[in-house]
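Participant: Work out the full structure: start from the sequences and follow the hints.
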Amino acid sequence: EDKVVQSPLSLVVHEGDTVTLNCSYEVTNFRSLLWYKQEKKAPTFLFMLTSSGIEKKSGRLSSILDKKELFSILNITATQTGDSAIYLCAVEASGGSQGNLIFGKGTKLSVKP
Amino acid sequence: EAQVTQNPRYLITVTGKKLTVTCSQNMNHEYMSWYRQDPGLGLRQIYYSMNVEVTDKGDVPEGYKVSRKEKRNFPLILESPSPNQTSLYFCASSLRHLAGGNTGELFFGEGSRLTVL
Numbered sequence: 002e003d004k005v006v007q008s009p010l011s012l013v014v015h016e017g018d019t020v021t022l023n024c025s026y027e028v029t030n031f032r033s034l035l036w037y038k039q040e041k042k043a044p045t046f047l048f049m050l051t052s053s054g055i056e057k058k059s060g061r062l063s064s065i066l067d068k069k070e071l072f073s074i075l076n077i078t079a080t081q082t083g084d085s086a087i088y089l090c091a092v093e094a095s096g097g098s099q100g101n102l103i104f105g106k107g108t109k110l111s112v113k114p
Numbered sequence: 161e162a163q164v165t166q167n168p169r170y171l172i173t174v175t176g177k178k179l180t181v182t183c184s185q186n187m188n189h190e191y192m193s194w195y196r197q198d199p200g201l202g203l204r205q206i207y208y209s210m211n212v213e214v215t216d217k218g219d220v221p222e223g224y225k226v227s228r229k230e231k232r233n234f235p236l237i238l239e240s241p242s243p244n245q246t247s248l249y250f251c252a253s254s255l256r257h258l259a260g261g262n263t264g265e266l267f268f269g270e271g272s273r274l275t276v277l
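Taken in order, these protein sequences are the chains called A and B. Each residue of the first sequence is one higher than the one before, counting from 2 in the numbering used here. Each residue of the second sequence is one higher than the one before, counting from 161 in the numbering used here.
If you're looking for bench data, these hints aren't it; they were derived computationally from the structure. Bear in mind the structure is a predicted one, so any value in this text is a computation, not a measurement. Built from N, CA and C at the ideal position, the CB exists for glycine as well. Incorrect hints may appear among the rest.
Result set (EDC-like, lysine to aspartate or glutamate): computed pairs, CA atoms no more than 16 Å apart in a straight line [claimed, not checked]: (1) A:Lys106 x B:Asp198; (2) B:Lys217 x A:Asp67; (3) A:Lys57 x B:Asp198; (4) B:Lys229 x B:Glu213; (5) A:Lys69 x A:Glu27; (6) A:Lys38 x B:Glu265; (7) A:Lys68 x A:Glu16; (8) A:Lys41 x B:Glu270; (9) A:Lys113 x A:Glu16; (10) A:Lys68 x A:Asp84.
To give an idea of the interface, some chain B residues facing chain A are shown, with a C-beta separation under 10 Å as derived from the structure [stated by the list, open to error]: (11) Tyr208; (12) Glu265; (13) Phe268; (14) Glu270.
Facilitator: Shown next, in the form of structure tokens:
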């Protein structure tokens with residue numbers, strides 16, 4: 002059975018800290034891995050990763066994929082209170098049908114002033 | 161403004177009373193999908209659609225139906241709702257279906273919170 006596991010499930014840090022969120026997966030016919038940020042309402046897209054070892058970066062956020070070890074990390078440097086959210090990892094696989102996107106349970110990040 | 165619009169945003173209903181949650185996108189996206197989000201279980205895919213008249217089951221399709229008669233609309237139908245369908249539902253769309261490779265960026269609606277008594 003395809004699965005995506007995120008860790009930790011929750012994390013509390015102080016402003017200015019650097020955090021690393023983890024996402025491991027076991028899927029048939031991996032296609033891509035995606036990161037989303039969910040604040041109070043709908044998830045918003047952060048990154049899509051398809052190739053190993055190529056870092057994607059946006060401001061203080063960065064992410065990288067390891068297709069050999071089947072995981073990805075999301076780094077946030079110099080955290081701010083506005084980074085508080087649930088971070089979701091999702092993997093597209095074609096073990097069943099194309100278009101099936103499997104989400105992890107998310108990591109809840111709380112950044113304290 | 162590019163958006164995915166869901167209605168209703170909040171609904172309380174009773175067991176067995178058929179309901180439809182509408183979803184519409186104005187971005188000419190091919191791919192659309194429905195998810196439910198429950199505490200401790202994360203987001204789970206119910207149904208998805210690669211294009212008009214093409215739909216497929218996700219991980220938790222039982223108790224739901226969908227249709228894709230037009231590109232912009234992808235309604236979620238609960239023929240006979242039960243309390244275990246109480247959840248937060250999200251509709252999402254993407255320019256190309258994810259397997260197409262050009263983008264995996266899903267645009268989500270604001271969510272529909274459904275309570276079945």
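Participant: Decide, hint by hint, whether the structure agrees.
Facilitator: Evaluated hints:
1. Pair hint Lys106 of chain A plus Asp198 of chain B holds up; C-alpha atoms about 9 Å apart against a cutoff of 16 Å.
2. Restraint check for Lys217 of chain B and Asp67 of chain A: the C-alpha separation of about 29 Å exceeds 16 Å, so the hint is violated.
3. Our distance criterion of 16 Å between C-alpha atoms is broken by Lys57 of chain A and Asp198 of chain B, whose separation comes to about 30 Å.
4. Between the alpha carbons of Lys229 of chain B and Glu213 of chain B the distance comes to roughly 6 Å, so the proposed pair stays at or under 16 Å and holds.
5. Pair hint Lys69 of chain A plus Glu27 of chain A holds up; C-alpha atoms about 11 Å apart against a cutoff of 16 Å.
6. A distance of roughly 12 Å separates the Cα atoms of Lys38 of chain A and Glu265 of chain B; the hinted pair therefore holds under the 16 Å criterion.
7. Straight-line distance between C-alpha atoms of Lys68 of chain A and Glu16 of chain A comes to about 32 Å, which puts the hinted pair past the 16 Å bound.
8. Proposed proximity of Lys41 of chain A and Glu270 of chain B is supported: the alpha carbons are some 10 Å apart, at most 16 Å.
9. Simply put, Lys113 of chain A and Glu16 of chain A have alpha-carbon atoms about 6 Å apart, close enough for the 16 Å limit, and the pair holds.
10. Straight-line distance between C-alpha atoms of Lys68 of chain A and Asp84 of chain A comes to about 27 Å, which puts the hinted pair past the 16 Å bound.
11. Among the interface hints, the one on Tyr208 of chain B holds; its C-beta lies about 5 Å from the nearest C-beta in chain A, closer than the 10 Å criterion.
12. Here the hint on Glu265 of chain B is kept, as its CB sits about 4 Å from the closest CB of chain A, short of 10 Å.
13. Below 10 Å, beta-carbon pairs count as interface contacts, and Phe268 of chain B has one with chain A at about 4 Å; its hint therefore holds.
14. Hint on Glu270 of chain B holds. Least Cβ distance to chain A is approximately 5 Å, under the 10 Å limit.
Of the hints listed earlier, those the structure fails to meet are numbers 2, 3, 7 and 10, in rising order.
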